[in-house]
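With the hints as your guide, set chain E onto chain G.
These protein sequence lines map, in sequence, to chains G and E.
The opening residue of the first sequence carries number 0 in numbering that gives the first Met the number 0; numbering runs sequentially from there.
The opening residue of the second sequence carries number 0 in numbering that gives the first Met the number 0; numbering runs sequentially from there.
Calculated directly from the structure, the hints in this document are not laboratory data.
It cannot be assumed that every hint is accurate.
Said to hold, decoys possible - DEER-style ranges, computed between Cβ atoms:
# : chain 1 : residue 1 : chain 2 : residue 2 : range
1 : E       : A111      : G       : V33       : 36 to 42 Å
2 : G       : P109      : E       : E174      : 38 to 44 Å
3 : E       : L64       : G       : V105      : 44 to 50 Å
4 : E       : V222      : G       : S189      : 41 to 47 Å
5 : E       : G18       : G       : R144      : 55 to 61 Å
6 : G       : V82       : E       : K107      : 25 to 31 Å
7 : G       : P109      : E       : E112      : 36 to 42 Å
8 : E       : T230      : G       : S103      : 46 to 52 Å
As the list claims (entries may be wrong) - Simulated pairs of lysine-lysine, DSS-like, Cα-Cα distance not exceeding 30 Å:
#  : chain 1 : residue 1 : chain 2 : residue 2
9  : E       : K119      : E       : K31
10 : G       : K196      : E       : K31
11 : E       : K107      : G       : K196
12 : E       : K156      : G       : K196
To be verified - In silico contact screen, one side only, chain G against chain E (beta carbon under 7 Å); selected entries:
#  : residue
13 : N178
14 : L179
15 : A188
16 : L201
Don't be surprised by glycine CBs; every beta carbon is placed ideally from N, CA and C.
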Amino acid sequence: MSDRTNLGWTPFLLSLPALLFLGLLFVLPVASLVLVGFSSAKLGAGGHFTLKVYAGLFADPREALMMWRTLKLSFITTALTLVLAFPVALYLRQISPRARMLISFVLISPLLTSVVVRTLAWVILLAPRGLVNAALVSLGIDPVRLIYNETGVVIGLTHVFFGYMVLSLMTSVLKIDENLLLAANNLGASNWQVLTKIILPLSLPGMLAGSVLVFSMSASSYATPLLLGGNSAKVVAMEIYDLTINYLEWNEAAALATIMFVVIAMVVWGGTRLAESGRRRAVFE
Amino acid sequence: MTNGPEMLVLRGITKSFAGATVVDNLSLSIRKGEFVSILGPSGCGKTTTLRIVAGFMQPDRGELLLGGERIDNVPSHRRGAAMVFQNYALFPHLTVFDNVAFGPRMHKVPRAEVNRKVEKALELVRLPQLGSRYPRQLSGGQQQRVALARAIALDPKLLLLDEPLSNLDAKLRKELRAEFLEIHRLSGITTLFVTHDIEEAFSVSDRVAVMNHGRLEQFDTPVAIYTRPRTRFVADFVGHANIVEGPLVCDATGAPSLQFGGALVRLPRSASARITGHFAIPSHLLSIGAKAPDKENCFPARLASLAYLGPTVQFQVRIADHTFHGEAHASADLLALQQDDEVYVSWRSADMIEIDAGAA
Chain G
0 MSDRTNLGWT PFLLSLPALL FLGLLFVLPV ASLVLVGFSS AKLGAGGHFT LKVYAGLFAD
60 PREALMMWRT LKLSFITTAL TLVLAFPVAL YLRQISPRAR MLISFVLISP LLTSVVVRTL
120 AWVILLAPRG LVNAALVSLG IDPVRLIYNE TGVVIGLTHV FFGYMVLSLM TSVLKIDENL
180 LLAANNLGAS NWQVLTKIIL PLSLPGMLAG SVLVFSMSAS SYATPLLLGG NSAKVVAMEI
240 YDLTINYLEW NEAAALATIM FVVIAMVVWG GTRLAESGRR RAVFE
Chain E
0 MTNGPEMLVL RGITKSFAGA TVVDNLSLSI RKGEFVSILG PSGCGKTTTL RIVAGFMQPD
60 RGELLLGGER IDNVPSHRRG AAMVFQNYAL FPHLTVFDNV AFGPRMHKVP RAEVNRKVEK
120 ALELVRLPQL GSRYPRQLSG GQQQRVALAR AIALDPKLLL LDEPLSNLDA KLRKELRAEF
180 LEIHRLSGIT TLFVTHDIEE AFSVSDRVAV MNHGRLEQFD TPVAIYTRPR TRFVADFVGH
240 ANIVEGPLVC DATGAPSLQF GGALVRLPRS ASARITGHFA IPSHLLSIGA KAPDKENCFP
300 ARLASLAYLG PTVQFQVRIA DHTFHGEAHA SADLLALQQD DEVYVSWRSA DMIEIDAGAA
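If we strip away everything but chain G, and leave its shape as in the complex, we get (with noise of 0.2 Å):
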């Protein structure tokens, strides 16, 4: 890359604002709540370094709880939307560009909602005498709790982002060469064949970054799993907010930040690296 056009200091400069902007409203406080995690003084400056709040929150079996329903939960997400999502992109490539865009159009629209709208329109789908449960019991079948649980996080979670997760499987998916599944079909694969050999190993690198997205997003989510799920299927964003809001104890909210963001980076590293590795397997030339 020794011919590439030199700018200079220019790209520097004119991204400064945007560098400063992130350095000091992004960085520092960010850095200041990880150094609170750490610190005995309470709701403010002083005090020294500690680790009894570390050791507090993992000697409670409900926090625990808390941080291996949010992971699980996320996890339960990524999964549904990849599976329901997958078809989908599928579909998206053997229709015109016109017809494909019209269909993006409609799975990107409820992002131009607000979540608190969206989720509070699935209350009255899932609420214990909302539609879906009048409908089964006109129909003569019990009523079936899908809210104020973890079913109904997961339902609301995937219903969020699935369209995130169509959108990152569309760019491998309409990527990969129709000669490809025809010299496929021609030297033998059935279609089953051509979707298991073919297909579903060139569109890892979108498969793996929507699951990083939607597992981040998941995991990182307050509305809906509030709004859906309540004090019966609490997950971390919830507890930071009682703790910092209702609790006062900021000490412990900044620990369980902390220790979400290093989860969250580490389940999104990992992602990054396969993606990183079944990307340049499947780079096309």
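Chain E only, in chain G's frame:
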């Protein structure tokens, strides 16, 4: 080899897309072990024909027979017709070995047999050491050879080549062309090759099918196609640029001639035209010189251009309002000529090629 039994038979194949007929009542019969090219400009229906044979699309009408059996309704993966794609279509996530092994594995060939087939195919294309590489680590020519090996490893009854050389540079194209021919000689697989390049088609094929607008214009050996083009399209497509046409007359000696501009062009004795004639003069059989040679057809002309190409010289001469294109060995006499010189252009009447013989 070229007189074997029929291997592939197309009978009245017709295919339309959105009302446009792309392949029009095409019938073609290819013998076992034969190397046949379908030659034509882009949009002539040659690739569609190949895809119909491969089983990627269904013809609207017509029959397909491979080895004596109807294959119209046999899916692509059970036809035994292996395709090599223009863009190679190698599986990017698989190694060269796994790419070549893909076909045999899909056909549930035992592992030891798969290894043997892959090794044999890679040896045939002279890439035995590259099995563990990925396609993107190979040059274009190597990728095309792997694609060929992948098709051959299937032991197909028929090899289909879709412009397999058009993404390569000229030198590599010639090399690979020779290699395709050698592999065909060694394997004896009946081959159908689609190309728009005359030189490519002529140099490798036993017979060439020239297509235009979905129809078969002529199906014959390269020599026959060049020296006896049956239609004006074929004559034009194989590069016959020097055309003389006009009413037929008899000259003073009673020999058949053609009135061209103000001159009489002496025709070959074999001429069959009756009222008007249409003849081509191959550019390499046209001579020019400062002196009038002793040939039946010799006309004064003006040298419009002379291009030195090393071993040969290309020239254009103008006779009245007609431009003739010629090519000749770069002799000292020729190189002494200057643009706008008065020259004599000449050719033997026996070298003239009648087009549309029997028509008119």
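Okay, E/T230 versus G/S103 on CB: inside 46 to 52 Å? holds, 49 Å
Can the suggested window of 25 to 31 Å be confirmed for the beta-carbon pair G/V82 and E/K107? holds, 29 Å
Can the suggested window of 44 to 50 Å be confirmed for the beta-carbon pair E/L64 and G/V105? Taking Cβ atoms as reference, E/L64 and G/V105 lie about 47 Å apart, which means the hint holds.
May I ask you to test the interface hint for G/L179 with respect to chain E, counting a Cβ-Cβ separation under 7 Å as satisfied? holds, 5 Å
Going by Cβ atoms only, is G/A188 closer than 7 Å to chain E? Since chain E brings a Cβ to about 5 Å from G/A188, closer than 7 Å, the hint holds.
Between G/P109 and E/E174, does the beta-carbon spacing fit 38 to 44 Å? Violated, since G/P109 and E/E174 (Cβ atoms, about 56 Å apart) do not stay within the stated range.
Whether the CB-CB distance between E/G18 and G/R144 falls inside 55 to 61 Å: holds, 58 Å
Mind checking the hinted window 36 to 42 Å against the Cβ distance between G/P109 and E/E112? Violated, since G/P109 and E/E112 (Cβ atoms, about 53 Å apart) do not stay within the stated range.
Against the range 36 to 42 Å, how does the distance between the Cβ atoms of E/A111 and G/V33 compare: consistent or not? violated, 59 Å
When the nearest CB of chain E is found for G/L201, is that gap smaller than 7 Å? Constraint on G/L201 satisfied, holds at 6 Å.
Do the alpha carbons of E/K119 and E/K31 lie within 30 Å of each other, as the hint requires? holds, 22 Å
For the range 41 to 47 Å, tell me whether the beta carbons of E/V222 and G/S189 fit it or not. Holds, since E/V222 and G/S189 (Cβ atoms, about 45 Å apart) stay within the stated range.
Checked against the numbered hints above, the structure violates hints 1, 2, 7, 10; every other hint is satisfied.
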